[in-house]
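Take the two lone chains and join them into the complex the hints point to.
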Amino acid sequence: MARHRFIPGFGLTLGFTVFYLSVIVLVPLWFLVLRTTSLSWAQFWAIVVDPRTLASLRLTLLTSFAAAAVNAVMGFLVAWSLVRYQFPGKRAIDAIVDLPFALPTAVSGIALTAIYSSNGWLGSVLEPLGIKVAFTPLGITVALIFIGLPFVVRALQPALEDLDPAVEEAAAILGAGRWQTFLRVILPAVTPALITGFTMAFARAVGEYGSVVFISGNMPLKTEHVSLLIIAKLEQFDYAGATALGSLMLAISFVLLLAINSLQWWTARRYQGN
Amino acid sequence: MVDRTAISRKLIPDMIQTAKTTEPAWMRTILLGIALLFLLCFLVLPLAAVFTEALRRGFGAYLASFRDAAAMSAIRLTLLAAGIAVPANLVFGLAASWGIARFKFPGRNLLVTLIDLPFAVSPVISGLIYVLLFGMQGALGPWLAQHNIQIIFAVPGIVLATVFVTFPFVARELIPLMQEQGSEEEEAALLLGASGWQTFWRVTLPNIKWGLLYGVILCNARAMGEFGAVSVVSGHIRGKTNTVPLHVEILYNEYNFVGAFAVASLLALLALLTLVIKSALEWKIRAEAALQVEEAA
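These protein sequence lines are chains A and B, in that order.
Going by numbering that gives the first Met the number 0, the first sequence runs without a break in its numbering and finishes at 273.
Going by numbering that gives the first Met the number 0, the second sequence runs without a break in its numbering and finishes at 296.
Simulated from the structure, these hints should not be mistaken for laboratory data.
Note that the Cβ used here is the ideal one computed from N, Cα and C, for glycine as well.
Just so you know, not all the hints are guaranteed correct.
Covered stretches of chain B, as calculated for chain A (at least 3 residues, CB under 8 Å) [what the hints assert, rightly or not]:
hint, region
1, 27-39
2, 114-127
3, 162-176
4, 260-267
Pulled out of the complex, with its shape left as it was, chain B reads as follows (with noise of 0.2 Å):
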């Protein structure tokens, strides 16, 4: 009698190593060549582009394009604009993460749902809903224009629309993160005696600095960036109502292109800095939750 079990036991590994559980090394060569070159079209060139263009004439005037009253007012607008978005809308997902993910209520669903909004709104979309409130042909636009109060081609109106599209950012990164980790080391440390503030100072926020910080990185690079809906409501007052995006859009179409490129190459460094940021937070991110794993097992 033949033993099945010594010939299966010979004949499977042989039969693994030979079943085609991988690409041909020449298809794995084609493929990735092809993967790789539709990046390097679609994603390296214009890239490289930005900085190209900036440095045509050269470093002298590459530096040139910043000492102008129009760029240094739309990188202060810009930062302003940033300034308020940003802490508006990490205070918002601190507080929207907390009544989510450590309670129950009816209706939870919906609200996560709703904070996303913003992101399936088009940019213009999201201008043109304040221009609709707050215009000269708004709901209460005349109103506003009775107390001589513009949001509508003002600073207002642009910091406005970019809290309105950098909104879900810090929220939809803790809702998740926070649901995951649980309260049991809150609870803990409440019945410990320690009061609410106290806990969420020492317990929640050392546990979610990294995805806080996560949220805060993409949702400056967008409050930044932010073109379209910005583009609605500022009226492009040179001087006044011009963002960094907005500015590079009027130098090009005044076909200043070394200007544009140069102001626009200061958006791409900062795109550049969030995406090593992001990878290093992730990286972390990655390695916390495998210590976690192995520290429960």
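The following block holds chain A by itself, in its conformation from the complex (with noise of 0.2 Å):
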């Protein structure tokens, strides 16, 4: 079984891995869909056909699909910046997209409303043309773009980095434009990265709670996020419906996980192909 018979630990690691595995994440999560599975369908089904779900649910999906798609097309400007333009300071603007993985949710969720209130530094320039943006759904997505961002750029930039300018190079002499080469030379060969990256800012998004709960307001049936209506339900005891919302979120999350991990395997078995 073991390949390196004589290398010792084997029992020692994998025993210790397998047991805190379990009793940390596994058990604990395994309670969650047990306690799902102890409701009727019935029950279930209310809980999740509520108006005040149902719009917290459609709020969190367009709100995520919008942030992820900004994130799309800006993540990859700032990849193709990092990776293909040199320009001053550019090793701190590479380490500084890091930023929202490093930054308490808490505290980039009251800087964001800080400056999106209407007296804030954008805010303040935004509202007099009507652009309302702290405690509305753009607020949310504006958090959700901060939050998603270094998901699509280090997605891409490995990508990027990987492509032969060779083959650029061969487009170009073979009489395509810049434009041309862009649409049919790079974007195919790092659409699985896009899309990768894409995929995990999104469910990062539907997940989110920090960066989210100071800038939307919270308001029923028009800003509240998922992950506040199932704290809002905690704290009203209402743990049936809590732990319905969560399993049907701990379920879309488990999904995307798969959607990413098959696209990778996808991706790696058609270059081993070529």
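In structure tokens:
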């Protein structure tokens, strides 16, 4: 079974790994599933189709999708600039792309609210133009763009670095314009990485809490992200409701995780095949 | 007869030079400008806002925000939670990477996927699962209440939630690193008569030290900054179960903006420090990898 029988510690390390994984992660998650299955279908369904739940699911999925789409475009531009262009301060800017990973979500939440509220740096400019950001779905989208950006940039950077310049040269010599080369040569080669980044940003946005709670205003039916609805249900000791929504969200993130993994598996196989 | 190769030798470099393998200069400037403006609005402004708001009433008011029993107890609790979660996940990461990278067994890929699971779970759900397990209405709740053990709305719950959300950080850095390095050096040490522990301390650990530090730095940043999961299990008892991020939320909701941003600025400084160490480590790891390639060649 073990590849190198004389390297010691197989039983000890694997035993501890499986034990610790079970205690911290698997058993608690299993209890969530168990708790959900103790609800009847009718009960589960009643929780999901409740107007407040539906409004919150719709809001969450739409804002998450919009934010991931913005990040797919802007994240591409940022990754492209970092890989292809030389400019002063490049290393610092490359490092700061990870800020949303490093900055606690509560801090980004209050900072974004401060900027976009009616007397904030950007809010005071946008509000006279009729664009209200804080306490609207647009504000939620802004927060979700913030936390999702590094996923797209970090997924694209290695893919762009791996592009063979000879292929672009060939396209250019064969008469393709720069735009044609981009659409026909570069974009298809990095599309799997782009989809991976998009999906990861989307998945993170669907489950986000900290950066959204301050800027959303949390009005039921209007600006209530599903994470906030779960917390609201918990605070009212509606454990059945929180459990049902929790496992629904868990199912969504597993589907997304599975999609990312199969995409990566498919890409790896396609390139090995060549 | 025309010497074709001579012509093509002369022509091709010219063609490659004129061939468009980059955008025209004006286009590059515009694209770079848009990218930098976007980063300025979405990343730099929020960071600057934290410090501006914190110092809005001067440096004295800024410092006064920390001379507060609740703030100090929040800092202590955050240090405690990170002080337990980071070493626990460090030991786990070492064990998991040794077991997974040094041996082949069925279900290995499944195990790697399961280790990554906490990253796929929303922070709110990470807290919820412990409430369902240990809370008053939870599976073990009545038993715990009988024995006077409180986990939810108490420090153990906060520590557990922190351990959960930072679970994969060290392991996911070390597993690919140790797989890539292979086990030849360890095998050599063992053949030369070193014990398992000696091999680990003298061979494995020096080889993985930068990757290990990298995982620990990221794990620590998340442990000290976690908000959603901790918020669900904490119960927000001031002076008892408030971590630094939860304290920021309370101050903010009380309209004590200077206080909230002052405490938040501590977390922002931690984030900046994390980013600096992280990029220094990335640079170091890349330099060492390049050196190894050179040595091999």
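Hint check:
1. With 8 residues bearing a CB less than 8 Å from a CB of chain A, the region 27-39 of chain B meets the requirement of three and the coverage assertion stands.
2. With a threshold of 8 Å between beta carbons, the proposed coverage of the region 114-127 of chain B by chain A holds, since 10 of its residues qualify and at least three are required.
3. With 3 residues having a beta carbon nearer than 8 Å to a beta carbon of chain A, the region 162-176 of chain B meets the requirement of three or more and the stated coverage holds.
4. Counting residues of the region 260-267 of chain B whose CB lies closer than 8 Å to any CB of chain A gives 4, so the stated coverage by that chain holds, three being the minimum.
Checked against the numbered hints above, the structure breaks none of them.
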